[in-house]
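Trainee: Protein sequence lines correspond, in order, to chains A and B.
Positions 25 to 218 (the numbering used here) are the ones given, in order, by the first sequence.
Positions 140 to 233 (the numbering used here) are the ones given, in order, by the second sequence.
Among these hints, one or two may not hold up.
Unchecked claim - Looking from chain A toward chain B, a few residues come up when the C-beta cut is under 7 Å (computed):
(1) 51
(2) 55
(3) 91
(4) 107
(5) 158
(6) 189
(7) 203
The set of hints was computed from the structure by calculation and includes no laboratory data.
Built from N, CA and C at the ideal position, the CB exists for glycine as well.
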Amino acid sequence: MTQPTEYENISYNAPLGVFDGSASTKKLGFYGVLPVTRPITASTNDISTTVGQSTSTAGGATTSWGFKSQVELTNLITAVSTMQLTLKALGLMAGGVDTVITRSNETYELLDYGSTDGAQIGKISTALLGFYGVTPVARLVTTTANISTTTTVSLSTIGTATTTWAFATVTEVAAICTVVSTAQMTLKRLGLMV
Amino acid sequence: MAQPLENETAGYNSSDGQMFGNASTKKIAFYGATPVTRPITASTNNVSTATTVSVSTAGVGLAAWGFASQVEITNLVTGVSTVQKTLKDLGLMA
């Protein structure tokens with residue numbers, strides 16, 4: 025029997041959507057990392073209550089743009105580090121612990137059959153998905169501008185303030201806040217973060 | 140045969156968990172995007188070593204709060220763009 029050549033789709037197309045892991049204490053993993061319970065259990069403050077709008081009213085420094093209060097800056101950094109650690113722990117970003125898989129530790133279930141073309145979870149953007157037992161949702165429709173066209177070069181031309189390092193324009197500050205709030209809302213809705 | 144009305148759960152409830160793709164070179168996608176291998180293979184510096192404590196000692200600018208060093212702001216921008224690219228490539232963000 026020949027192997028199917030199309031992407032495999034992990035669901036039977038139930039109208040109410042699919043979720044992986046029926047509770048936050050269930051374990052999930054991607055790309056070969058050992059499955060974990062929801063990595064971060066502490067909820068983070070929302071950077072913005074809606075995507076596309078920053079709650080931060082950038083300061084009016086003469087040489088750089090930053091944040092008006094320490095709370096706003098702390099919220100932003102906490103949100104970014106939480107998303108970063110979440111994606112690393114789940115295996116969606118590099119930098120977590122990639123355990124060598126052997127027959128002896130492969131006690132968890134593997135949810136794809138190893139098609140060389142890959143596996144899809146949800147066939148279209150309006151499909152409903154959820155993780156760790158949250159109610160499945162469709163993908164957020166908000167499109168964000170790229171902060172950087174590559175991951176290693178910053179679009180930001182860093183300001184040269186004498187006492188603090190910040191951003192050169194208010195546009196850069198707004199872009200960072202929009203991306204963080206969108207990513208944060210995405211991961212929260214999917215149940216990957218709380 | 141009637142279609143089940145509840146959410147479907149992928150997995151048979153193994154206590155050791157569920158995994159998608161058994162290596163970083165396997166391809167995965169969400170919401171109909173074309174499956175990709177792990178989008179970013181280089182590890183990024185942690186913006187913070189803990190999620191509730193910031194490594195940034197915010198400066199005491201008169202008009203704005205910023206960062207105490209260029210390294211901190213570079214780590215933040217790299218972290219955000221990496222998260223953004225990862226979520227877009229996987230189809231989790233538009």
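Trainee: Hey, does the residue 55 of chain A contact hint survive, CB to chain B under 7 Å?
Mentor: 4 Å, holds
Trainee: With a cut-off of 7 Å on the beta carbons, see whether residue 189 of chain A makes it to chain B.
Mentor: 4 Å, holds
Trainee: Restraint: residue 51 of chain A near chain B, CB-CB cut 7 Å. Satisfied or not?
Mentor: It holds, given that the least Cβ distance between residue 51 of chain A and chain B is near 3 Å, below 7 Å.
Trainee: Against chain B, with CB atoms and a cut of 7 Å, does the hint on residue 107 of chain A hold up?
Mentor: 5 Å, holds
Trainee: A closest beta-carbon separation below 7 Å is what the hint needs, so does residue 158 of chain A meet it against chain B?
Mentor: 10 Å, violated
Trainee: Identify whether the interface hint at residue 91 of chain A stands, where standing means a beta carbon of chain B within less than 7 Å of its own.
Mentor: 4 Å, holds
Trainee: Under 7 Å, Cβ to Cβ, is where residue 203 of chain A needs to be relative to chain B, so tell me if that hint holds or is violated.
Mentor: With a closest approach of 5 Å, the residue 203 of chain A hint holds.
The structure does not agree with numbered hint 5 stated previously, though it agrees with all others.
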